[in-house]
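A.B. asks: Sequence:
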Amino acid sequence: LIVAVNKMDTTKWSEDRFNEIIKETSTFIKKVGYNPKAVAFVPISGWHGDNMLEESPSMPWYKGWTRETKGGVVKGKTLLDAIDAIEPPVRPSDKPLRLPLQDVYKIGGIGTVPVGRVETGVIKAGMIVTFAPSYVTTEVKSVEMHH
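Anchor point for the sequence shown: position 9 equals 9 in the UniProt record's numbering, and the numbering is continuous, going up by one each time.
Accuracy of the hints is not assured; some may be wrong.
[As the list claims (entries may be wrong)] DEER-style ranges, computed between Cβ atoms:
#: 1; residue 1: Val90; residue 2: Trp61; range: 28 to 38 angstroms
#: 2; residue 1: Asp103; residue 2: Asn6; range: 28 to 38 angstroms
#: 3; residue 1: Asp84; residue 2: Arg117; range: 18 to 28 angstroms
[Stated by the list, open to error] As a list, the in silico DSSO-like pairs of lysine-lysine whose alpha-carbon atoms are at most 30 angstroms apart:
#: 4; residue 1: Lys63; residue 2: Lys31
#: 5; residue 1: Lys70; residue 2: Lys31
#: 6; residue 1: Lys30; residue 2: Lys63
#: 7; residue 1: Lys31; residue 2: Lys7
#: 8; residue 1: Lys12; residue 2: Lys37
#: 9; residue 1: Lys77; residue 2: Lys7
#: 10; residue 1: Lys75; residue 2: Lys63
#: 11; residue 1: Lys7; residue 2: Lys75
#: 12; residue 1: Lys12; residue 2: Lys75
#: 13; residue 1: Lys95; residue 2: Lys141
#: 14; residue 1: Lys30; residue 2: Lys12
#: 15; residue 1: Lys70; residue 2: Lys95
#: 16; residue 1: Lys77; residue 2: Lys30
Please keep in mind that the hints were generated in silico from the structure rather than gathered at the bench. Glycine is no exception: its CB is placed at the ideal position from the N, C-alpha and C atoms.
Work the whole structure out from these sequences, hints included.
C.D. replies: Now the structure itself:
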């Protein structure tokens with residue numbers, strides 16, 4: 001989780017205001033189940049671009065953010081650093097295929113196209129799959145990925 005405290009320019013880059021926001025936000029973050037020590041708090045000004053891509057000369061008091069992760073402590077100074085430090089979720093590809101269907105399209109000349117997201121396992125063309133709870137079995141002709 002990243003908390004970007006925007007519009008720091010409107011508070012004249014106030015360290016006190018930033019710390020006040022961290023304190024208030026940390027209370028809320030705890031209530032919803034996050035560990036505030038695992039959160040990067042970054043003071044930014046989107047209008048001026050401060051602490052977005054590069055360190056801001058307007059906030060010399062800001063020494064950067066620190067986050068505790070499973071792999072150790074991660075540090076950075078900018079919002080981009082915080083985004084780059086996000087760990088991608090582990091995809092359990094060693095488990096059986098689980099693909100909840102979002103939709104099913106019947107396309108003339110192509111056939112039935114089930115649409116969903118692979119939660120566990122792997123899907124490849126040529127695989128034989130069974131859909132539950134109907135227990136319909138079929139062969140995967142092709143796989144397309146859309147983002």
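A.B. asks: Within 30 angstroms, alpha carbon to alpha carbon, are Lys30 and Lys12?
C.D. replies: Roughly 29 angstroms separates the two Cα atoms, so the pair holds.
A.B. asks: Can you confirm whether the C-alpha distance between Lys70 and Lys95 stays at or below 30 angstroms?
C.D. replies: OK: Lys70 and Lys95 at ~22 angstroms, within 30 angstroms.
A.B. asks: Does Lys141 lie within 30 angstroms of Lys95 when you go C-alpha to C-alpha?
C.D. replies: holds (22 angstroms)
A.B. asks: The hint says 18 to 28 angstroms between Asp84 and Arg117; measuring C-beta to C-beta, is that right?
C.D. replies: Since the Cβ atoms of Asp84 and Arg117 sit about 25 angstroms apart, the hinted range of 18 to 28 angstroms holds.
A.B. asks: Quickly compare the C-alpha distance for Lys30 and Lys63 to 30 angstroms and report which way the hint goes.
C.D. replies: holds (24 angstroms)
A.B. asks: Is the Cα-Cα distance between Lys31 and Lys7 30 angstroms or less?
C.D. replies: holds (25 angstroms)
A.B. asks: Is the hinted pair Lys12 and Lys75 satisfied, with a Cα-Cα distance of at most 30 angstroms?
C.D. replies: The given pair, whose Cα atoms are some 25 angstroms apart, holds under the 30 angstroms limit.
A.B. asks: Given the proposed pairing of Lys12 with Lys37, does the C-alpha separation stay at or below 30 angstroms?
C.D. replies: Judged against 30 angstroms, a Cα distance of about 26 angstroms means the pair holds.
A.B. asks: Between Lys70 and Lys31, is the straight-line Cα distance small enough, at 30 angstroms or below?
C.D. replies: holds (21 angstroms)
A.B. asks: Do the alpha carbons of Lys7 and Lys75 lie within 30 angstroms of each other, as the hint requires?
C.D. replies: It holds: about 23 angstroms lies between the C-alpha atoms, which stays within 30 angstroms.
A.B. asks: Taking 28 to 38 angstroms as the hint, is the beta-carbon distance of Val90 and Trp61 inside that range?
C.D. replies: Roughly 37 angstroms apart at Cβ, these two residues keep to the hinted range, so it holds.
A.B. asks: Mind checking the alpha carbons of Lys75 and Lys63 for me, to see if they're no more than 30 angstroms apart?
C.D. replies: holds (10 angstroms)
Comparing the model with each numbered hint stated earlier shows that all of them hold.
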